[in-house]
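Given next are the chains, with one letter for each unit.
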Amino acid sequence: MTVVDTVRTRRPSGPLRLSHLDALESEAVHIFREAAAEFERPVLLFSGGKDSIVMLHLAAKAFWPERVPFGLLHVDTGHNFPEVLEFRDRAVAEAGVRLEVARVQDYIDDGRLRERADGTRNPLQTVPLLDAINAHRFDAVFGGGRRDEEKARAKERVFSLRDEFGQWDPRRQRPELWALYNGRHRPGEHVRVFPLSNFTELDVWQYIEREGIELPSIYFAHQREVFRRGGMWLTAGDWGGPKPEETPEKRSVRYRTVGDMSCTGAVDSTAGTVQEIIAEIAASTLTERGATRADDKLSEAAMEDRKREGYF
Amino acid sequence: MQPLTPSLTKSLTQSRTQSLTQSLTQPGSLLRLATAGSVDDGKSTLVGRLLHDAKQVFTDQLDAVERVSRERGLEGADLALLTDGLRAEREQGITIDVAYRYFATSRRRFILADTPGHVQYTRNMVTGASTAQLAVVLVDARHGVVEQTRRHAAVAALLGVPHVVLAVNKMDLVGYAEDVFAPIADEFVSYSRALGIPEVTAILLSALLGDNVVEPSQHIDWHPGPTLLEHLETVDIDGEPASSAARMPVQYVLRPQSPDFRDYRGYAGQVTAGVFAPGDEVLVLPSGRRTSIAAIDRLGEQDLEAAGAGQSVTLRLTDDVDVARGDIIAATERAPRVTREVSATVCHLADQPLRTGDRVLLRHGTATVKALVDSIDSVLDLRTLRREPGPQTLQANDIGRVRLRTASPLPLDDYAEHRRTGSFLLIDESDGTTLTAGMVGEPLAGAVH
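Here the protein sequences come in this chain order: X and V. Using full-length UniProt numbering, the letters of the first sequence map in sequence onto residues 1 to 312. Using full-length UniProt numbering, the letters of the second sequence map in sequence onto residues 1 to 449.
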């Protein structure tokens, strides 16, 4: 994985009006530096998905030539794609950062969490996440959430205060003005920090293209055994599919988001390069989450409700 | 509400692809704007219409809007549902908090701060306007310029928003009549001029029917002006004048101490104004030490020729001076004044009032210092725009003049000249609540009595 591919090159500074990607990059870097300076124990949530990979890349740039001054945390649902886990470990090794993993499976095994009837493990991540934040006394948690993802996310601050239960209260958010981010919090509270707030899905992909950032293979079109459930193509596997009445078939697909296998759908695609993916997304009439996330379809306010409980 | 026909939805594909084939990496192609309007002026509908007609609404979002509209027994899709994201907002049918929307055309990308317009949410418009390069003030053509319109214009002026658009909505209800539009535009323009707003553009439209938002109206032959979107795409947002004196609040000191960078000591931050170049003499403030720039690095690239406003960079200095987070590196000419006395216009944001004698934290740039509220001199009557002297406290949404004393000196610019280094926050020391947003100096000079 290429974290900083432009090290020690000289580039004419050109016109000082910034392109939109430069403006978004500078803003994200500013946010990373603010949080790293204001908090005692920040951590970056890292799933091996594209948004967290872009965040790690931006963090590496923000603190270059120092190392990234915080570690990573992954909440492993136990139903993650093996290609992504393999990529995650490689990226972590190359970046030379520390990775903590909180496992949903551990909680299910010892009875602290129970498997849901629908087999979806995404909502189960909240408890291990909050436990890890408590255990490590993390006071700032970087997340890859973007405001374009979902309408409850559109209301999210860049520095978003959570109470000692990890809860988000949309009615009690701090106003956020200029580029002055208020990270003050009481003991037990923490702040979620979203450097990619103003990126859209397309911005993320254009940035990946410009920076030559490497991604897990499942983002690119490949042949995969999938089956239809709830209007989505899910990957067949040990996690619980297909059921007898569901028929697996081989299709050319790729993933727009990378999450738990039980609720992340693949899209039909032949896009094999970042450029082809950009063209495909630009033409798509579905949002990223609408196309691929079952958990957001549970109710009109599914994301808002999960965020209130401490989810990202 | 005009029904959303399937053909509209289908044309999505074509337009979004087209926007992509153009390079969006050209300079100046990101516009930040804020919308303001009273409760029933149709602001959510305008934002929904803008997103919809600019082909920025996705099928699944539209499906959700249509489903909810049907469940509520509406005939067509209620475009306002595209933007009201929280449960309470949908339940009450109002916007209660700032939301940020993103859309793109072949010419430009947009970040839209969708701010609630109700008077009790003045603080939210202040929030949205703090980063905006352009504000859209919406009025209902039937009612014209009302108190709330003046309030929105005053907030835009106060926050130094460089471009203001007056959107005269609901023109369909007044027969698209020129003699309705013209007096509203005249009144608003002269009012804005008195406030010191540099540029106003008046656009007439019907958000409900989609007239002149993205598509030119078929009903208006007397109006030569652009559609709202056209204006947003083409308005010149060159930002601050290039002559602006350079500033960079220091965020973080980079000292890698790795074999390759053993003696490296860089001061990381975002340039907030002007241009820095190697060789430039600079001041480190508040200490006032003079040094010069040895080199500029940027996110993995070494030895840049220059760094300008908006760029996150790392400055290396020729002398081994003491520089820390909270300091500001500034051009030697027209440097900020270093002072412990802060005189400012503020908007109070928190529900708990601000009182004379309060001890607070003041956040300016990357510095946080203790401060005392010395006096609250006046509060702005948003109806008459007069300063009423002698308030004991400032309540939520109040705009007033205050004097503060800080525990240590701060390098302060006037907000009217430097938005980033002329602004500050007051914070409650005990629980961290963001109390007040402040603008140093006299941003509404001349307009307010």
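No wet-lab data here; the hints were simulated from the structure. Just to be clear, a hint being listed does not mean it is correct.
Unchecked claim - Chain V stretches covered by chain X per the calculated footprint, using a threshold of three residues with CB under 8 angstroms from any CB of chain X: (1) 55 to 66; (2) 98 to 108; (3) 328 to 335; (4) 411 to 425.
What the hints assert, rightly or not - Some but not every residue of chain V turned toward chain X, in silico, with C-beta under 7 angstroms: (5) Ile111; (6) Arg123; (7) Val321; (8) Arg325; (9) Gly432.
None of these values were measured; they are calculated from a predicted model. Idealized CB from N, CA, C, for every residue including glycine.
Hint check results:
1. 55 to 66: holds (count 5)
2. 98 to 108: Contact hint for the stretch 98 to 108 of chain V vs chain X: holds, 6 residues under 8 angstroms.
3. 328 to 335: Our answer is that it is violated, as 0 residues pass the Cβ test (under 8 angstroms) against chain X, missing three.
4. 411 to 425: holds (count 5)
5. Ile111: With a closest approach of 6 angstroms, the V:Ile111 hint holds.
6. Arg123: OK, holds: V:Arg123 within 7 angstroms of chain X, min 6 angstroms.
7. Val321: Check failed: Cβ of V:Val321 comes no nearer than 19 angstroms to chain X, outside 7 angstroms.
8. Arg325: Holds, about 5 angstroms.
9. Gly432: holds (3 angstroms)
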